Amino acid sequence: GQNIDQPTEMTATEGAIVQINCTYQTSGFNGLFWYQQHAGEAPTFLSYNVLDGLEEKGRFSSFLSRSKGYSYLLLKELQMKDSASYLCAVRDDGPARQLTFGSGTQLTVLP
Amino acid sequence: DVKVTQSSRYLVKRTGEKVFLECVQDMDHENMFWYRQDPGLGLRLIYFSYDVKMKEKGDIPEGYSVSREKKERFSLILESASTNQTSMYLCASRPDRGGYEQYFGPGTRLTVT
Numbered sequence: 015g016q017n018i019d020q021p022t023e024m025t026a027t028e029g030a031i032v033q034i035n036c037t038y039q040t041s042g043f044n045g046l047f048w049y050q051q052h053a054g055e056a057p058t059f060l061s062y063n064v065l066d067g068l069e070e071k072g073r074f075s076s077f078l079s080r081s082k083g084y085s086y087l088l089l090k091e092l093q094m095k096d097s098a099s100y101l102c103a104v105r106d107d108g109p110a111r112q113l114t115f116g117s118g119t120q121l122t123v124l125p
Numbered sequence: 003d004v005k006v007t008q009s010s011r012y013l014v015k016r017t018g019e020k021v022f023l024e025c026v027q028d029m030d031h032e033n034m035f036w037y038r039q040d041p042g043l044g045l046r047l048i049y050f051s052y053d054v055k056m057k058e059k060g061d062i063p064e065g066y067s068v069s070r071e072k073k074e075r076f077s078l079i080l081e082s083a084s085t086n087q088t089s090m091y092l093c094a095s096r097p098d099r100g101g102y103e104q105y106f107g108p109g110t111r112l113t114v115t
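Line order of the protein sequences matches chains A and B.
Per my numbering, residue 15 is the first one in the first sequence, and the count goes up by one each step.
Per my numbering, residue 3 is the first one in the second sequence, and the count goes up by one each step.
Take these hints with a grain of salt, some might be off.
If you want the ones that stay clear, here's a sample from chain B, every Cβ over 12 Å from chain A, calculated [to be verified]:
| no. | residue |
| --- | --- |
| 1 | Gln39 |
| 2 | Ser89 |
| 3 | Arg96 |
| 4 | Val114 |
Label-pair restraints from in silico Cβ distances [claimed, not checked]:
| no. | chain 1 | residue 1 | chain 2 | residue 2 | range |
| --- | --- | --- | --- | --- | --- |
| 5 | A | Gly67 | B | Gly18 | 48 to 58 Å |
| 6 | A | Asp19 | B | Pro63 | 44 to 54 Å |
| 7 | B | Val54 | A | Glu69 | 17 to 27 Å |
| 8 | B | Asp53 | A | Glu69 | 39 to 49 Å |
| 9 | B | Val54 | A | His52 | 29 to 39 Å |
| 10 | B | Ser67 | A | Gly29 | 30 to 40 Å |
| 11 | A | Thr37 | B | Asp61 | 11 to 21 Å |
| 12 | B | Pro63 | A | Thr22 | 25 to 35 Å |
| 13 | B | Lys55 | A | Glu70 | 15 to 25 Å |
What the hints contain is simulated information worked out from the structure, not anything from laboratory work.
Quantities reported herein were computed from a predicted structural model and do not represent experimental measurements.
Backbone N, C-alpha and C define an ideal beta-carbon position, used for all residues, glycine too.
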């Protein structure tokens, strides 16, 4: 099975940088995903890492270390609209390539 | 744009009722999923389907069943709704090839009284 841990809440200031960490223990690994979910809305895809290293996409970057079972999502130049829940999810290596989600980190961006 | 739609945004049902939640995707995706989302527990997989008429149990299938008669439609059925099934239900789809991202529907907030 999979066990995923991420902080419940974080607060940051507009224009700042914030790093949201995710650690996982897994019996099989085939990639790590980050999703963003605004209140009352569906999760939307942010990033995908399957190899070690940093993936950059505009203001958002995601890092993966498979040996440490660790990932982070880095958000730069924070904007008020970045206030949302950020979900870390691990995909297993079984035939279904099932996703297991963490509980999510609620980020509040303050003016 | 991929579109995943769900039949209702909000639903209120009584204990013991049979409840149908419908999900439709328009991108010819092979894989479809039903999750429930509860505060502090994240998204938990109820059932998934990788082809028409095929289904697999997820992590919490008890009290639920599913139906996939057509590729674009995946239904979640609560045979006899109970108050502990009050939750947000999210449907998702994903292609077999050419992508790894799961696309989510807007969700159905179900309240069982």
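Verification of the hints:
1. Gln39: At about 9 Å from chain A, B:Gln39 fails to clear the 12 Å cut-off, so the statement is violated.
2. Ser89: 14 Å, holds
3. Arg96: The claim is violated: B:Arg96 sits with its nearest Cβ about 8 Å from chain A, within 12 Å.
4. Val114: 19 Å, holds
5. A:Gly67 / B:Gly18: 48 to 58 Å: 53 Å, holds
6. A:Asp19 / B:Pro63: 44 to 54 Å: 25 Å, violated
7. B:Val54 / A:Glu69: 17 to 27 Å: Check failed, 34 Å falls outside 17 to 27 Å.
8. B:Asp53 / A:Glu69: 39 to 49 Å: Distance hint for B:Asp53, A:Glu69 is violated at roughly 31 Å.
9. B:Val54 / A:His52: 29 to 39 Å: With a Cβ separation near 33 Å, B:Val54 and A:His52 satisfy 29 to 39 Å, so the hint holds.
10. B:Ser67 / A:Gly29: 30 to 40 Å: 49 Å, violated
11. A:Thr37 / B:Asp61: 11 to 21 Å: 20 Å, holds
12. B:Pro63 / A:Thr22: 25 to 35 Å: Between B:Pro63 and A:Thr22, where Cβ atoms are some 27 Å apart, the hint holds.
13. B:Lys55 / A:Glu70: 15 to 25 Å: 42 Å, violated
Violation of the numbered hints given earlier is confined to hints 1, 3, 6, 7, 8, 10 and 13; the remaining hints are satisfied by the structure.
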